[in-house]
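Peer 1: As a plain string of letters, each chain reads:
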Amino acid sequence: MKQRLDRDGMAKRAAQELKPGDYVNLGFGIPNLCPPYAHEDVVFQTENGAIGYGPLVSADESEKADFHYHDAIGRFWVPAPGMACFDVVTSFCMIRSGRMIAILGGLEVSEKGDLANWSTGGEFGGTIGGAMDLAYGSKSVIVTMEHTTRDGKTRIVKECSYPLTRRECVDMIITDIAVIDVTPDGLVLREVAPGWTAEEVQGLTGARLTPAPDLKEIAV
Amino acid sequence: MINKIVGSFDEAVADIPDGAVIGMDSWAIAATPQNLIAALKRKGVRDITVVTHCFIPMIFGEDKAVMPAVLLPQMKKLITPVVGIRHLGGVAFVQEYIDKGLEVDQTTIGTLSYRLFAGAARFGGFYNPVGVGTVVEEGKEKRVIDGEEYILEKPVRLDYAFVSAHKADRLGNLVYKGVFRGDGPVMAMGAKVTIAEVDEIVEVGEIDAECVITAGIFVDRVVEIPEDGLATKKRLSELIEELHNIEPARKLMFG
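Going down the list, the sequences are from chains A and B. At position 75 of the first sequence (counting the first as 1) the number is 93 in the working numbering, and the numbers step up by one without a gap. At position 221 of the second sequence (counting the first as 1) the number is 203 in the working numbering, and the numbers step up by one without a gap.
No lab work stands behind these hints, which were simulated from the structure alone. Careful, some of the hints might be misleading.
Chain A side only, calculated, beta carbon under 8 Å to chain B, not exhaustive [said to hold, decoys possible]:
#, residue
1, E65
2, A68
3, A77
4, H88
5, G92
6, I113
7, Y154
8, T183
Just so we're clear, the structure is a prediction, and the values are computed from it rather than from any experiment. Where is the CB? At the ideal position from N, CA and C, for every residue including glycine.
All chains, full assembly: derive it from the sequences and hints.
Peer 2: Here it is as structure tokens:
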């Protein structure tokens, strides 16, 4: 039977890409779900000014929550030994320095690795945030997103139709049905969700996928 | 004797004229100089430019927590990377003002910080690699330097900076706490007049010189947050309890 990864499943798969000692910034949405699944020596940075912070605070332990300690989208965490706090000028020197891995949400990714993730267009775009900085300055960019929109439209396309975040910046795409590498020769299908064939994934994809010789099933 | 301590927030903002460009960092509640923003609203200046990281609708009642959005009727221009977020209704809260002529200068978070730094360091502008090939480059000079494309970004120069710090002394030396630092330090360096609201004023010498984040030279006025002020420890704890009753915010803020 065909399975699709849920949001936590995608976050788990993304967390497998992180090694002890990696510095990582997480985007809004699925990426934010990664920390519990990552190795304890993965170091998370939040662009509002902290690195090496501790676990997130859940709603039933709100006595631990403090507005001095939350990430860029407002999720509370607890301070941890070895954590550093800094201003935003310093924060974006980290982000632009090539020292960090960015796991970002996506609306569309093109076959060349162009990313659109901040606006669905319209006269007034909305929130640019820090995604353009992250897409520019990270050592690698992993995008997590559902493979298709709610009405079944593919998010992996020849050319992005939404306003771009950055051209040619994505290294890997993790969706609910596939893991795809962006290479100079195009998109390489590395893994498929349990029960899916490469052809079925291709059928939901707007750009050509080359199945890897060692194509595997996603294991999370 | 140098003494930058001012007795009230109203006194601290009394000289701010119509049309002033004011930096007031905000990441929702964090880093937000709530008391100074509330005083500025009471004063009723017009046609101001607000520079901030996070411009989102009010989450709590104005009597509980104040964010830059309370100034919308007084604003001519907004410089920010974040105009609303999807989970809190997107840009709807600002649309009416845009329709009435509010100018919005959208930038990336990093770029805003460096535009503020450029203002502080008196740069005429800088060539920025972030935003190339996106809407951010529209209308801006582009240049290739050593094979890489850049966009000319102009500095943001502040008339006033509102800063939210943890401790200060009467000389204006500041230390911050957690993610309340934000762009406080760079806004303080760049503004003609910097006003800090702080949790606690301490004696000169109590702040270790190695731990001063913003040196007093950058700070003109310091106001201690009174017990009945906004953003006190007690108020902030009450807000956290109240989050449980505000569904979109609760979902956003608890992991």
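Peer 1: Work down the list of hints and note, for each, if the structure agrees.
Peer 2: Quick rundown of the hints versus the structure:
no., hint, result
1, E65, "holds (6 Å)"
2, A68, "holds (6 Å)"
3, A77, "holds (4 Å)"
4, H88, "holds (6 Å)"
5, G92, "holds (5 Å)"
6, I113, "holds (6 Å)"
7, Y154, "holds (5 Å)"
8, T183, "holds (7 Å)"
Going through the hint list in order, the structure satisfies each hint without exception.
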